[in-house]
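Asker: Working from the sequences, and respecting the hints, build out all of it.
Protein chains: 2
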Amino acid sequence: MEEYQDIIKELLESASADIGDIIRIEKKNREFEGILMPRTEREAPNHIVLKLDSGYNIGIEVTRDLKIDKIREGKELEMERRGVKVEQDEEKSDISIIGTGGTVASRIDYRTGAVHPAFSASEIYNSAPEIADIANISTINLCNVLSENMSPEIWTKIGNAVVEELNEGADGVVIAHGTDTMGYTASALSFMLKNLSKPVVLVGSQRSSDRPSSDVSLNLEGAVTTASSDLGEVSVVMHGSTEDDFCLIHRGTKVRKCHTSRRDAFQSINDMPLGLVREKKVKFFQDKRDRGESESVELKDGFEEKVALVKITPNIQPEIIRNLVKDDYKGIVLEGTGLGHAPESLFSEIEEAIEDDIPIAMTSQCIWGRTNMRVYSTGRDLSNLGVFSVEDMLPETALVKMMWILDKTRNMEKVKTEMRRNIAGEISARSRHDTFPKTELPEDG
Amino acid sequence: MEEYQDIIKELLESASADIGDIIRIEKKNREFEGILMPRTEREAPNHIVLKLDSGYNIGIEVTRDLKIDKIREGKELEMERRGVKVEQDEEKSDISIIGTGGTVASRIDYRTGAVHPAFSASEIYNSAPEIADIANISTINLCNVLSENMSPEIWTKIGNAVVEELNEGADGVVIAHGTDTMGYTASALSFMLKNLSKPVVLVGSQRSSDRPSSDVSLNLEGAVTTASSDLGEVSVVMHGSTEDDFCLIHRGTKVRKCHTSRRDAFQSINDMPLGLVREKKVKFFQDKRDRGESESVELKDGFEEKVALVKITPNIQPEIIRNLVKDDYKGIVLEGTGLGHAPESLFSEIEEAIEDDIPIAMTSQCIWGRTNMRVYSTGRDLSNLGVFSVEDMLPETALVKMMWILDKTRNMEKVKTEMRRNIAGEISARSRHDTFPKTELPEDG
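Keeping their order, the protein sequence lines are chains A and B.
Count along the first sequence from 1, add 143, and you get the number used in the numbering used here.
Count along the second sequence from 1, add 143, and you get the number used in the numbering used here.
Any given hint could be a false lead.
The list treats identical chains as one, so a pair stands whether inside a single copy or across any two.
[Unchecked claim] Distance condition first, Cα-Cα at most 25 Å in a straight line; then the derived BS3-like pairs of lysine-lysine:
#1 LYS426 <-> LYS581
#2 LYS449 <-> LYS469
#3 LYS449 <-> LYS300
#4 LYS551 <-> LYS300
#5 LYS235 <-> LYS431
#6 LYS449 <-> LYS337
#7 LYS423 <-> LYS581
#8 LYS581 <-> LYS424
These are calculated hints, taken from the structure and not from any lab test.
Answerer: If you want it as structure tokens, here you go:
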């Protein structure tokens with residue numbers, strides 16, 4: 144690694160080439176010409192990434208015999224591309240891109256190997272200038288947070304920025320966000336944004352380490368297209384396959400990152416995605432809230448921080464629940480087994496927690512399917528103790544929702560009623576089409 | 144409900160019909176004849192279940208106009224069927240069915256509505272006597288535990304029963320088990336059974352509430368077929384689709400219940416299933432350990448009970464980790480975000496735990512994909528604190544494995560080495576085929 148960095152450093156320095164410059168690379172009788180792109184962390188360290196005229200990024204393996212020439216400075220180019228942005232087209236939607244951090248907004252310096260997560264919203268825009276064909280783009284650099292470090296405070300900050308943009312006339316908002324907790328933030332926005340009637344789209348990047356070509360471009364194109372569409376709710380837009388062919392539009396409360404590294408890691412759970420974007424065209428296949436000319440959007444913010452998500456396992460020790468009561472937790476979401484179960488050995492601690500006015504909601508670690516606590520004796524016993532099912536709500540969504548509700552009320556009955564009321568599509572209709580995903584078997588499976 | 148029970152009670156009493164009796168039901172000019180089957184909890188309360196001559200169960204909705212006649216006592220029948228069992232066929236494998244409880248072993252009394260989870264292994268056998276065509280069956284009633292109440296003590300009890308059966312000459316063992324924690328028990332057995340060279344198959348039942356016909360029959364047929372096959376390891380055999388057409392054979396350390404109620408809820412994660420069973424024929428499509436003529440099986444039992452599985456969420460409070468240290472936990476498995484991340488706000492507590500000799504393994508709540516802590520700064524920071532990745536191991540499997548290892552050693556380095564060593568197929572080869580399941584989209588997705 145060290146070694147490659149040295150070679151790259153030397154090559155770039157001798158050509159005085161900087162990120163954004165147009166360069167020509169000669170390697171074994173082949174020539175490549177394009178914009179020198181920032182390298183992101185996950186890409187192979189021995190590659191230089193060029194954005195070609197076609198819009199695609201390619202990675203070129205660096206060897207000693209490689210030759211680099213600078214053709215043009217990046218500054219001018221930057222100016223040119225920014226020009227597109229300034230030239231407002233009245234036919235197009237006005238879309239605001241809010242940068243919050245994450246892979247979509249991180250890059251690595253070729254010369255030092257240091258990480259620059261401070262890849263701004265305008266730089267994101269510059270990495271996919273094609274989106275200017277879809278909409279008039281404004282960019283806002285809100286913060287720079289890796290999504291594992293997101294918090295209710297930042298959810299609120301994002302919510303405020305969305306409200307400001309929409310109420311000042313934006314037709315839609317795109318939020319560039321790290322993928323790790325994008326589903327949690329999408330849920331938080333789904334609950335907070337009152338009177339929402341325009342698209343609020345979260346987008347991120349899952350670029351695979353073996354491909355220097357980035358998925359930012361297609362995801363951003365899909366997100367901006369969705370933000371310009373007829374949708375009136377919070378969604379997540381990410382690759383729908385491992386090919387660069389289409390993006391899926393997922394409802395903010397039903398989406399989950401289901402793979403650590405694949406581009407199509409995001410899946411709608413227990414419900415169809417809202418739709419897809421292919422070649423800058425949106426196609427919906429779900430009931431959705433449509434864009435409307437509503438009153439101004441409001442932010443109902445506020446999250447109770449003392450809410451725990453507890454995954455039930457065989458032999459889970461009762462002190463796990465007891466400590467939450469002792470530490471003054473205000474609510475608990477259980478990720479139960481099967482239809483919504485927990486071992487008998489926890490019953491007395493669960494009873495004590497509920498007697499202490501701590502609401503306990505039941506979800507399932509199966510991820511797919513609906514909890515039902517009337518089927519087996521364990522479920523009925525837990526119901527009798529006061530644990531309540533939240534139907535087919537995702538555990539992650541239930542956590543965020545309970546944090547949000549407990550800020551508004553501590554009345555046990557009200558918390559239960561609100562948790563079981565469908566506010567933002569978090570509970571699917573029982574009549575829905577079952578969307579359990581299947582593994583493709585080698586043959587005649 | 145009450146009402147239906149009263150009608151059923153009346154009808155059965157006036158015909159003096161008992162479970163196991165052959166009865167005839169007349170309803171609206173149609174006649175049904177078969178064995179009166181026990182009703183299981185999840186089946187519609189207004190149905191009587193008959194096993195027809197074809198071997199299939201049907202549910203008949205009870206109405207006042209329905210007529211029941213008893214044709215023959217169940218006792219004789221029971222004798223007859225048990226007769227099959229006694230007639231040993233030397234050509235066939237000798238398979239032991241161990242009953243441990245769960246849906247596969249629960250029934251409800253038609254007359255009182257009371258639950259009888261004490262459906263024994265021999266009764267399970269009687270509910271699918273067809274399996275006598277496949278193998279010579281012996282049944283053992285080991286315990287009667289709903290799987291949410293399973294514990295290391297019962298895992299060990301099951302392990303001992305398996306060892307006894309195999310070492311006394313059984314060609315394979317089938318374990319009837321509740322589905323909720325079947326994956327955890329399968330992992331526990333995978334680690335405990337040393338020198339295993341015969342099939343040990345866990346099987347359960349997920350009967351859907353809308354179908355009085357049970358999935359026990361096909362699952363048991365698949366399990367007994369697998370137990371008679373060329374396999375030499377621990378597996379879970381359950382429906383491969385929602386049709387009664389085939390079962391999948393999953394490796395014990397790679398399987399997970401992924402739906403609360405579907406028959407095909409069990410999925411192999413990050414790896415192909417080992418194979419499938421269709422029409423009493425096994426087809427393998429995976430590298431597997433084959434049946435062998437090994438020395439006798441041994442049980443390496445022992446589980447440290449103070450190991451916690453902690454799911455990371457945005458805003459998770461540091462006291463969650465601090466309390467585990469205070470309560471003298473011996474190990475922690477984190478279900479991190481994405482590639483294996485946790486918020487910075489936990490770093491000092493994680494550091495303290497590791498300084499306190501508590502090993503911390505990293506898995507991912509994505510479920511699918513491999514953790515990799517070298518990609519992002521958060522992962523590298525956690526690695527530097529001493530948190531170690533366990534590759535693509537399931538969080539549930541990692542918990543069971545760490546409980547098992549911490550009983551054998553408390554040496555931090557050894558725990559790490561063993562956790563990262565592939566003992567029972569729990570870590571997939573990097574070259575494996577990616578088996579991420581896909582949701583079927585309405586059209587041109």
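Asker: Within a copy, between copies, both or neither: where do LYS449 and LYS469 come within 25 Å Cα-Cα?
Answerer: both (12 Å within a copy, 19 Å between copies)
Asker: For LYS449 vs LYS337, is the C-alpha pair at or below 25 Å within one copy, between two copies, both, or neither?
Answerer: within (24 Å within a copy, 45 Å between copies)
Asker: Is the C-alpha distance from LYS426 to LYS581 at most 25 Å within one copy, between copies, in both cases, or in neither?
Answerer: Answer is both: 23 Å inside a copy and 19 Å across each meet the 25 Å cutoff.
Asker: For the identical chains here, do LYS423 and LYS581 meet the 25 Å Cα criterion within one copy, between copies, both, or neither?
Answerer: Classified as between: cross-chain Cα gap 23 Å, same-chain 28 Å, threshold 25 Å.
Asker: I want to check one pair: LYS551 and LYS300. Are their C-alpha atoms no more than 25 Å apart within a copy, between two copies, both, or neither?
Answerer: within (19 Å within a copy, 49 Å between copies)
Asker: At most 25 Å between alpha carbons: which applies to LYS449 and LYS300, within, between, both or neither?
Answerer: Answer is within; shortest intra-copy Cα gap is 20 Å, inter-copy 39 Å.
Asker: With 25 Å as the alpha-carbon cut-off, assign the pair LYS581 and LYS424 to within, between, both or neither.
Answerer: between (27 Å within a copy, 22 Å between copies)
Asker: Which holds for LYS235 with LYS431 at a C-alpha limit of 25 Å: within a copy, between copies, both or neither?
Answerer: within (23 Å within a copy, 58 Å between copies)
Comparing the model with each earlier hint shows no violations; every hint is respected.
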